[in-house]
Amino acid sequence: MNDAANQAMDATQYLTVNLANEEYGVDILAVREIRGWTPVTRIPQAPSYVLGVLNLRGAIVPVLDLRLRFGLVREEYTATTVTVIVAVAGRNFGVVVDAVSDVVDVEAAAVRPVPDMGTAVDTEYLKGLTSVGERMVLLLDVDRLLQPQDAQMLEAALPAAADVKAVA
Amino acid sequence: MAKVDLAQFHRAFFDESNEGLAAMEAALLALDAGSDDGELIHTIFRAAHSIKGGAATFGFADVAAFTHVAESLLEEVRSGRRAIDAAAVELLLRSVDVVRVMLERSAAGIAAADAESEALRSALAAMVGGAVVATVGPASAAVAGVAGWDVTFRPFDYLLKTGNEPLRMFRELTALGRLETLANLDALPSLVAMDAESAYTSWQLTLHGDIPRAKVDAVFDWVDGDCELAVTERKSASPAVSSTTPAAATPNGPRAVREVAANPDAQSIRVGTEKIDLLINMVGELVITQSMLSQFADGVDAAGLEQFRAGLAMLARNTRELQESVMGIRMLPISHVFNRFPRLVRDLSQKLDKKVSLDLRGETTELDKSVLEKIGDPLVHLVRNAIDHGFESTARRREAGKNETGTLRLEAFHRGGSIVVEVADDGAGLNREAIIGKAIERGLLSSGDGLSDDDVAELIFAPGFSTAAATTDLSGRGVGMDVVRRNVNDLGGSVAIRSVTGKGTTFTITLPLTLAIIDGLTASVAGETYIVPLVSIIESVQIQADGVKSVAGGGELFRFRDAWLPIVRIADAFGCAGSRRGIGEGIVIVVEGEGARLGLFVDELIGQQQAVVKSLEANYRRVSGISGATILADGAVALIVDIAGLVRQQSRRKAA
Chain B
1 MNDAANQAMD ATQYLTVNLA NEEYGVDILA VREIRGWTPV TRIPQAPSYV LGVLNLRGAI
61 VPVLDLRLRF GLVREEYTAT TVTVIVAVAG RNFGVVVDAV SDVVDVEAAA VRPVPDMGTA
121 VDTEYLKGLT SVGERMVLLL DVDRLLQPQD AQMLEAALPA AADVKAVA
Chain Y
1 MAKVDLAQFH RAFFDESNEG LAAMEAALLA LDAGSDDGEL IHTIFRAAHS IKGGAATFGF
61 ADVAAFTHVA ESLLEEVRSG RRAIDAAAVE LLLRSVDVVR VMLERSAAGI AAADAESEAL
121 RSALAAMVGG AVVATVGPAS AAVAGVAGWD VTFRPFDYLL KTGNEPLRMF RELTALGRLE
181 TLANLDALPS LVAMDAESAY TSWQLTLHGD IPRAKVDAVF DWVDGDCELA VTERKSASPA
241 VSSTTPAAAT PNGPRAVREV AANPDAQSIR VGTEKIDLLI NMVGELVITQ SMLSQFADGV
301 DAAGLEQFRA GLAMLARNTR ELQESVMGIR MLPISHVFNR FPRLVRDLSQ KLDKKVSLDL
361 RGETTELDKS VLEKIGDPLV HLVRNAIDHG FESTARRREA GKNETGTLRL EAFHRGGSIV
421 VEVADDGAGL NREAIIGKAI ERGLLSSGDG LSDDDVAELI FAPGFSTAAA TTDLSGRGVG
481 MDVVRRNVND LGGSVAIRSV TGKGTTFTIT LPLTLAIIDG LTASVAGETY IVPLVSIIES
541 VQIQADGVKS VAGGGELFRF RDAWLPIVRI ADAFGCAGSR RGIGEGIVIV VEGEGARLGL
601 FVDELIGQQQ AVVKSLEANY RRVSGISGAT ILADGAVALI VDIAGLVRQQ SRRKAA
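Going line by line, the protein sequences match chains B and Y. Numbers 1 to 168, taken from this note's numbering, label the letters of the first sequence in order. Numbers 1 to 656, taken from this note's numbering, label the letters of the second sequence in order.
Simulated from the structure, these hints should not be mistaken for lab results. Idealized CB from N, CA, C, for every residue including glycine. Don't take every hint at face value.
In silico contact screen, one side only, chain Y against chain B (beta carbon under 10 Å); selected entries [what the hints assert, rightly or not]:
1) E528
2) A552
3) A577
4) K614
5) A618
6) T630
7) I631
8) L632
9) L639
Only part of the chain B face toward chain Y is listed, based on derived beta-carbon distances under 7 Å [stated by the list, open to error]:
10) T41
11) I43
12) P44
13) Q45
14) N55
15) V61
16) V88
17) N92
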């Protein structure tokens, strides 16, 4: 296989979503469906960014708010607020974002590492950034958004954090 | 082009081979019992033949080689050149065990053959040649001149919970010969992290003396499968020690192998074609009804309305039938579990020198697969207990004027919306005095006065109570009946016991038909909807604020009948947002789980409904206090309350 073919294969389609005036890309192969925001059923003992669960054709699927996940201020949900259902490692979960905007082709060579500054999102959840025309698109690492051990760690850390505040 | 990947067929091969082995075993046991049905030998031969063929096709050469020898022996019998005798049946039964282990090893990608299979293979080959061979294998491996045994005994962490006690086993070993023990404490956590009910220690034991292998194995019989166990012959100067001493020769193979093989089993299900046909028919009808209804969408006039209603009624019926048939796919006959008992009863009664005939009834009764998988172990415990302790010795039965052969009845049947499984023996019944004595000794009771027989029977379910030492002097290896009860409770079922002195004991296990659908009570709490399983509910009561006692630490108690029960406010337990109601403005649902009761405080009861249980773990994770979720009529999700989990939380809070 020559280099040109290799590069063509490395082009990945991304669904871009808007969040706090920035544009993020989600690997389109991970996207199961896009649906308008509907209320969810809250679950006890969940981290604050897990809003609850919804019924996806009979399966119980957790939904998380990407703004809260990234420590941003929660926005009122509007008509354009959508839930993007993604599948990672056989698990489905929903991600609430401000709006969906576009599908873009991104070649692997065009992806640059994220400088560790200047974005609202912790670089830990980013695979890299790229530009589409004039726009900058941050590519999300969806695998890391809802990892069970991550969720549990956060939960364990929360009471401790609350204690610290109480002392201070 | 693409090479066919045989591995995708392995699972089916293992499934089919295991079914073949079960058929072989059943037929061999029938032969053993004296049946002279010529078809039996054909059944055995066919099963062995397909396993051999499959194993050769898929490249499991060891298995193929082994079954080939067994097949040769069977061929001699089939063609009438050899009469099948007890020795041959015994040898073939052992072959079934060995092939089963070999298949498990093959599935796990480990070399299938070991010293035990090789020994058995040569024994079979010798028999084919015409030589008379007595039983070979572990039992006879202990030839004269054995210096002793090295035993590596590493309990799995749950061993203690099965009611087994290593100390008692060591004491039994001491009775056989001089015992050296070396405990390995490496896995022992700090005191803070330690769970008192988990086993952390493993042992290296050395037993000195010329002791038959069977006696050593017998001590570990009850923990077989609950620990890693390796028994090796101790090297001595005597030349009698062969070089082919098996390194790990527990009859069922190492546990690790079992785990690997057992997991994929849970994933697949073999469904009868008639069930699939039924489903296809029903979906066909559904499609017809749907197209009939969509025709009306074009223009409904008064005349068409009646037809439209009829169509809707048909749709409702189709849907219901479809649901029932789909649920039926998960239902498997209980014979899947019962099948293992003829062998177990035969082996155990031979070992204990008792005569027991097994009476299996209602084997076609169907149970949900998930229930079926978990009911096996409790039943094995009950059957073992019955043979070990329930039946009297042959001599004592004769004295009592009873038939020397005891009857063990295993029966499954429907009763209402439940499945009932009974394990009944016609033995001596529970020994009231011995049980009371034991209970007093264990500090469970101060005196036995005024206890009804039912109360006494109930004592054997108490944690830490060993039925073995209480009812017979056979051994101290009793399986905790509390574990049996807990396992059954976990399935949403219950265990009852009925005993008549001199006539026998009957254990009755009542199980729900399925775990996939539950009857639930819907309740609202701060605008959220929760479902409480109906089986756990005692009753719902309204209580007044002055009927509640506050205790230190923020707990609340209320009086129910003649007990004070803790109140769990769902709104607090699950952290609901929104306003809290006063105790007088809501409803307390009295529930029972794990043998304890508590009151769940909710705002309002909404109604009763059947809930199809969905897993939260599939896409999220376990949430404590919640056993699953379901979908309400409006499509929204409601969470199902895990009563047993809340009870455990409550008792932990009490302990803290």
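Against the structure, the hints:
1. A hinted interface residue such as Y:E528 counts as satisfied when its beta carbon comes closer than 10 Å to some beta carbon of chain B; here the least separation is about 7 Å, so the hint holds.
2. This hint is violated: Y:A552 has a C-beta 22 Å from the nearest C-beta of chain B, more than the 10 Å allowed.
3. Annotation: Y:A577 was flagged as interfacial toward chain B, and the flag holds, the nearest CB pair being 8 Å apart, inside 10 Å.
4. For Y:K614, the interface hint holds, the least distance from its beta-carbon to any beta-carbon of chain B being 5 Å, beneath 10 Å.
5. Contact between Y:A618 and chain B, as hinted, is supported at the beta carbon level, the nearest pair being about 7 Å apart and thus within 10 Å.
6. Interface restraint check for Y:T630: the shortest CB-CB distance to chain B comes to about 9 Å, inside 10 Å, so the restraint holds.
7. A cut of 10 Å between beta carbons decides the hint on Y:I631: the least distance to chain B is about 5 Å, and the hint holds.
8. Restraint check, Y:L632 versus chain B: the minimum CB separation of about 9 Å is within 10 Å; hint holds.
9. Nearest Cβ of chain B to the Cβ of Y:L639: about 7 Å, under the 10 Å cut. The hint holds.
10. Annotation: B:T41 was flagged as interfacial toward chain Y, and the flag holds, the nearest CB pair being 4 Å apart, inside 7 Å.
11. A distance limit of 7 Å between C-beta atoms decides the matter here; for B:I43 the minimum to chain Y is near 6 Å, and the interface restraint holds.
12. Here the hint on B:P44 is kept, as its CB sits about 4 Å from the closest CB of chain Y, short of 7 Å.
13. Taking 7 Å as the C-beta contact cut-off toward chain Y, the hint placing B:Q45 at the interface holds, the least distance being around 6 Å.
14. A hinted interface residue such as B:N55 counts as satisfied when its beta carbon comes closer than 7 Å to some beta carbon of chain Y; here the least separation is about 5 Å, so the hint holds.
15. A cut of 7 Å between beta carbons decides the hint on B:V61: the least distance to chain Y is about 5 Å, and the hint holds.
16. With its C-beta approaching chain Y no nearer than about 10 Å, B:V88 sits outside the 7 Å limit, and its interface hint is violated.
17. Interface hint at B:N92: satisfied, since its Cβ lies 5 Å from the closest Cβ of chain Y, which is below the 7 Å cut-off.
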